[in-house]
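*Asks:* Construct the entire structure; sequences and hints are all you get.
The opening position of the sequence shown corresponds to residue 15 in our numbering, with each subsequent residue numbered one higher.
Don't read these hints as lab results, they were simulated from the structure.
Just to be clear, a hint being listed does not mean it is correct.
[Claimed, not checked] Derived lysine-lysine pairs resembling DSS-like cross-links, with alpha carbons at most 25 Å apart: (1) K17 / K143; (2) K210 / K143; (3) K210 / K142; (4) K266 / K142; (5) K210 / K283; (6) K17 / K112; (7) K164 / K210; (8) K164 / K283; (9) K142 / K164; (10) K210 / K266; (11) K202 / K142; (12) K210 / K112; (13) K202 / K17.
[Stated by the list, open to error] If you anchor each label on the Cβ, the simulated ranges turn out as follows: (14) I114 / D257: 29 to 37 Å; (15) W181 / A222: 49 to 57 Å; (16) V225 / L187: 45 to 53 Å; (17) Y168 / R234: 43 to 51 Å.
Here a beta-carbon is modelled for each residue, glycine too, at the ideal position from N, C-alpha and C.
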Amino acid sequence: MNKKVSVARLSIFSNSILIILKVVVGLLSGSVSIISEAIHSLMDLLASIVAYFSVRISDTPADERHPYGHAKFENISGAVEALLIFIAAFWIIYEAVKKIIHPSNVEQIGIGVAVMIISAVVNIIVSKKLYRVARETDSVALEADALHLKTDVYTSIGVAAGLLLMWVSGYHLFDPVIAILVALLILKESYQLFSKAYAPLLDLSLPADDVARISAIIQRQCTDEMNFHNLRTRKAGHIKYIDFHLNLDSEKTVGEAHEICNQIEEAIKNAFDHAEVTIHVENF
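*Replies:* Structure below.
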């Protein structure tokens, strides 16, 4: 089974279990912060489903309608996930403000704390797996999913701390206040994720450090009778697209020019995984 698809399925399964736990305990306890965490996990589940289908589609070969492949489906997935998180954050704030205006007691605090700790531990394990596969495959969809779960770890710990403070102090305002803090953290996460996922859809250049490395690799392959210009880069999903113009001596044969281009292309692909290199040959 495809490694990306397998770990995406794991994320769906873990989020489904955590949603059930949080909803049940949230309803029993009346805690808005636990309900907010259940909403967060629901958004995580939707995001995991989106990520699952996007990684399946992104790895399918190019076809007549998509001659450059399907890699950008991962970027679309990341942008959608960011919007889902954004919606969830505002819903949490809405529910928390209602709780501040119309306060109510929180019951079963011990069970609530236990569920939050379980949630944090599960999400630590799953997010680490997602991050590892995301790095190995350069998958923005899996990285987005991992970021969701990593944030869920922090928010679960925050909610557990808020419940404990309520139990110790008897001050129930801690519950909605913690929920609002959770939502603000989620809003920050959604902005960062959306920026990263959306940038390749605008064909932005690769990071400056990567462009400098590519330029240095090409320069090392060039002799005194060669030079290059008009280096352009972009990214779609996990694929990096690189193209430039290479000036060669007009006396070079087609075979010689082809061999030089192959050497440069191989050098770049050795340095960058999933690179697609296009070289336009020009004569001096």
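*Asks:* So, for every hint listed, does it hold in this structure?
*Replies:* Okay, the hints, checked on the actual structure:
no.: 1; hint: K17 / K143; result: holds, 11 Å
no.: 2; hint: K210 / K143; result: holds, 20 Å
no.: 3; hint: K210 / K142; result: holds, 20 Å
no.: 4; hint: K266 / K142; result: violated, 52 Å
no.: 5; hint: K210 / K283; result: holds, 23 Å
no.: 6; hint: K17 / K112; result: violated, 43 Å
no.: 7; hint: K164 / K210; result: holds, 17 Å
no.: 8; hint: K164 / K283; result: violated, 32 Å
no.: 9; hint: K142 / K164; result: holds, 9 Å
no.: 10; hint: K210 / K266; result: violated, 43 Å
no.: 11; hint: K202 / K142; result: holds, 21 Å
no.: 12; hint: K210 / K112; result: violated, 33 Å
no.: 13; hint: K202 / K17; result: violated, 29 Å
no.: 14; hint: I114 / D257: 29 to 37 Å; result: violated, 56 Å
no.: 15; hint: W181 / A222: 49 to 57 Å; result: holds, 51 Å
no.: 16; hint: V225 / L187: 45 to 53 Å; result: holds, 51 Å
no.: 17; hint: Y168 / R234: 43 to 51 Å; result: holds, 44 Å
The structure is inconsistent with the numbered hints 4, 6, 8, 10, 12, 13 and 14, although it conforms to all the rest.
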